[in-house]
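Student: For reference, the chains in residue letters:
Protein chains: 2
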Amino acid sequence: MRAVGLVTEYNPFHNGHIYHIEQARKITNADVVVAVMSGNFTQRGEPTILDKWQRTQAALQNGVDLVVELPIFMAVQPAHRFAAGALELLNDLQVSDVVFGAEHPLWDFANFVEAEKHFSQRGFEKFNATYATQFNQQLSSLTGHSLTDPNDILAFSYYKAKLKNKYSIHLHPINRLGSQYHDQTIKGTIASASAIREAVSKHETIDQVVPKQTADLLEKIKCVPGWEQLYPLLRNFLIQTPLEHLQQIYQMAEGLEHRYREAAERELTFSGFIRRVKTKRYTYSRLLRVCLYTVMEITNDQVSQASTHPYLHVLGFNEQGREYLHQIKKSVQYPLLTKISQSEHDGLVNLDYRAGKLYQMFTGVEQDVKHAPVILKKTN
Amino acid sequence: MRAVGLVTEYNPFHNGHIYHIEQARKITNADVVVAVMSGNFTQRGEPTILDKWQRTQAALQNGVDLVVELPIFMAVQPAHRFAAGALELLNDLQVSDVVFGAEHPLWDFANFVEAEKHFSQRGFEKFNATYATQFNQQLSSLTGHSLTDPNDILAFSYYKAKLKNKYSIHLHPINRLGSQYHDQTIKGTIASASAIREAVSKHETIDQVVPKQTADLLEKIKCVPGWEQLYPLLRNFLIQTPLEHLQQIYQMAEGLEHRYREAAERELTFSGFIRRVKTKRYTYSRLLRVCLYTVMEITNDQVSQASTHPYLHVLGFNEQGREYLHQIKKSVQYPLLTKISQSEHDGLVNLDYRAGKLYQMFTGVEQDVKHAPVILKKTN
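Chain order of the listed sequences is H and Z. For the first sequence, this note's numbering begins at 1 and goes up steadily by one. For the second sequence, this note's numbering begins at 1 and goes up steadily by one.
These are computed hints drawn from the structure, not numbers from a lab. Wrong hints could be hidden among the right ones.
Identical copies carry no separate label here, and so any pair may be met within one copy or between two of them.
[Claimed, not checked] Here are the simulated DSSO-like cross-link-like pairs (lysine-lysine), alpha carbons at most 30 angstroms apart as the crow flies: (1) 202 - 222; (2) 187 - 202; (3) 166 - 26; (4) 278 - 370; (5) 164 - 117; (6) 117 - 160; (7) 278 - 126; (8) 212 - 187; (9) 329 - 378; (10) 166 - 329; (11) 370 - 212; (12) 26 - 164.
Please read all numbers here as calculations on a predicted model, not as lab measurements.
Using the sequences and the hints given, assemble the complete structure.
Tutor: In structure tokens:
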């Protein structure tokens, strides 16, 4: 069986994702579609609108055969680490191809990776500009192109990870259908995930842009999980914990802990807090990720430790997926986990377990311990 | 000017407190009534129903002349430390007398203190009984009495602190008027503070048992501040923080950190949590205090450090109180603080400042920095 891999967040699963799955099958002629999916927190460090089990169910009901969790130490990361982590798992899952959307699928991303080797360190020394801005100034002067669209950036990162690690995986950038990521209105049958989340938060209808089961779940949401609800936890921790502990938090770099603490002392809402910590140096995504690392007390040591021990946590499969798992299970390099036992929650999957406990605040639903994978039986 | 001291929580201020103030004046013939009052958290480790400024206002409007905060490292403590801290401050405030309620005001508490010197260490070695139970078994065998009522226990503790430190203060135990502390119904014009809080939480009328201004404030409360609201903060901290940090928390003794963490992982409500951590060894009060130390990350070191640096934080006064402050200000031993500056909030008053930031969750009102004392002008 040949497998095609997808890198996903499904936040939430929508009609554009169905198109992505169909295209992946069509282009590669694969027998199996394997999705690596973020858990309960997105790349930007925000809680997902539905939990990972609900999103797995939606993926399986709409054409994915096997869903594997992208661990939080890979998922809540800047694009290059997110993409590298996802490709690392897909490579271990032995997919032959990966299909992904890009704003400019015809660009020669491999050539950009080559160009990056000629960047100068001095081009990154401005403290009042984000890393991305300085990266693009250099890329543009060498290739005439800039990576400003989020999926182009991911596309570049997949090529970079493939070339660096000499993966044999074939990469297929394709056009994204319908609305752009930043488009905030819902029209037709395709909308961006962020437009859908926005509509859900306003209790507007999203029936035409997501599969029925997802629409039903979204319509039940009273309050979209978000940072305003997590803010009391973040604020109290930033105020109470000694600065020397805050300095140990992953990515709490360059005196950011003082900025975070002071903002926490002054601001009673998350929107006020994040505005106060924002500088030209860091993107909102970077700052949001640090919020999540902080509220979970994820330290540099914990990330280093976890990063050297990846695993394949199976969230769900159908019969095709089960067959594929059977085919690869003896040759995968990383531990293949189906149920999380008590000992694993203190060990290998500890960060995901703790993320699940935090997410439980929104739903009350246990996320990991003894949770069986979603299994979709064939319906005739 | 001669001053009489009162040790108070005023949670909330009620008619029984007016009687206490009147009796204190009458018995001692003092010119000034000085109240040492817990801040925003009670001896049991619970948030107060009104903040310390509102309670100070009520005290001043009803006969107290000067209110000084009992710092959290003295206030949120078992009875003997609470009483010793309060008496330490009142001694420095140079009161000549202290008047307090007791269930058995005619008992010879000084004699009980003498009896305690003959207690055996072996009488405290049962791990399935609280300290108080074992204390009383010994006291009873020596004196025929048991200290089971909360105000008797405090009375004993005042005598013990006085004798130990050779304070010249005269102690006056008096009868408490009306309802007992544990009485949960409101009848007549006197009710216990706990009955009043219970009534407020049920939106029942409390007009007849508290002064009008307090009634007005209590009637505006939508949700009584309590541990259910703080639980998400406590729970997340217990789950996310390394066990070696939890072990540093003040009073997190004898492996309690494992018990707390496991209960946090399993329970989504505070009531479920506290039931799960309860053992015969510890009272609910002790366990609640540890919850507060935990959510504020108060360590053993922080309490040791703070305990050796007491201070007199003036919360409010009227003209009598101002005159008295003027009389004693040059001879008090501890720093006399009126406004808390930025540097003090990181130093001397840091624990109270942090308690205020936590309490701000309930009300949004800044508690310490630059907060002027409540000043009650004479109304003719």
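Student: Each of the hints needs a verdict: does it hold here or not?
Tutor: Hints, one by one, checked against the model:
Taking the shortest alpha-carbon separations for residue 202 and residue 222, both the intra-copy value of 10 angstroms and the inter-copy value of 26 angstroms come in at or below 30 angstroms. Taking the shortest alpha-carbon separations for residue 187 and residue 202, only the intra-copy value of 16 angstroms comes in at or below 30 angstroms, while the best inter-copy value is 48 angstroms. In this assembly of identical chains, residue 166 and residue 26 lie within 30 angstroms of each other by CA distance solely inside one copy; the values are 25 angstroms within and 90 angstroms between copies. For the identical chains of this complex, residue 278 and residue 370 are inter-copy neighbours only, at 26 angstroms across copies versus 40 angstroms inside a copy, given an alpha-carbon limit of 30 angstroms.
In the homo-oligomer, the alpha carbons of residue 164 and residue 117 lie at most 30 angstroms apart inside one protomer (12 angstroms), although the nearest pairing across protomers, at 76 angstroms, exceeds that limit. For a Cα distance limit of 30 angstroms, the shortest separation of residue 117 from residue 160 inside one copy, 11 angstroms, qualifies, whereas the shortest one across copies, 76 angstroms, does not. For the identical chains of this complex, residue 278 and residue 126 are intra-copy neighbours only, at 16 angstroms inside a copy versus 56 angstroms across copies, given an alpha-carbon limit of 30 angstroms. Only within a single protomer do residue 212 and residue 187 lie at most 30 angstroms apart by alpha-carbon distance; the minimum there is 17 angstroms, versus 58 angstroms between protomers.
When the C-alpha separation of residue 329 and residue 378 is checked against a cutoff of 30 angstroms, the pair qualifies only within one copy, where the shortest distance is 22 angstroms, while the shortest distance between copies is 84 angstroms. For a Cα distance limit of 30 angstroms, the shortest separation of residue 166 from residue 329 inside one copy, 22 angstroms, qualifies, whereas the shortest one across copies, 77 angstroms, does not. With identical chains, the CA atoms of residue 370 and residue 212 are at most 30 angstroms apart within one copy only, with a shortest distance of 28 angstroms there and 56 angstroms across copies. Within a single copy, residue 26 and residue 164 get their C-alpha atoms as close as 28 angstroms, which meets the 30 angstroms cut-off; across copies the closest is 87 angstroms, which misses it.
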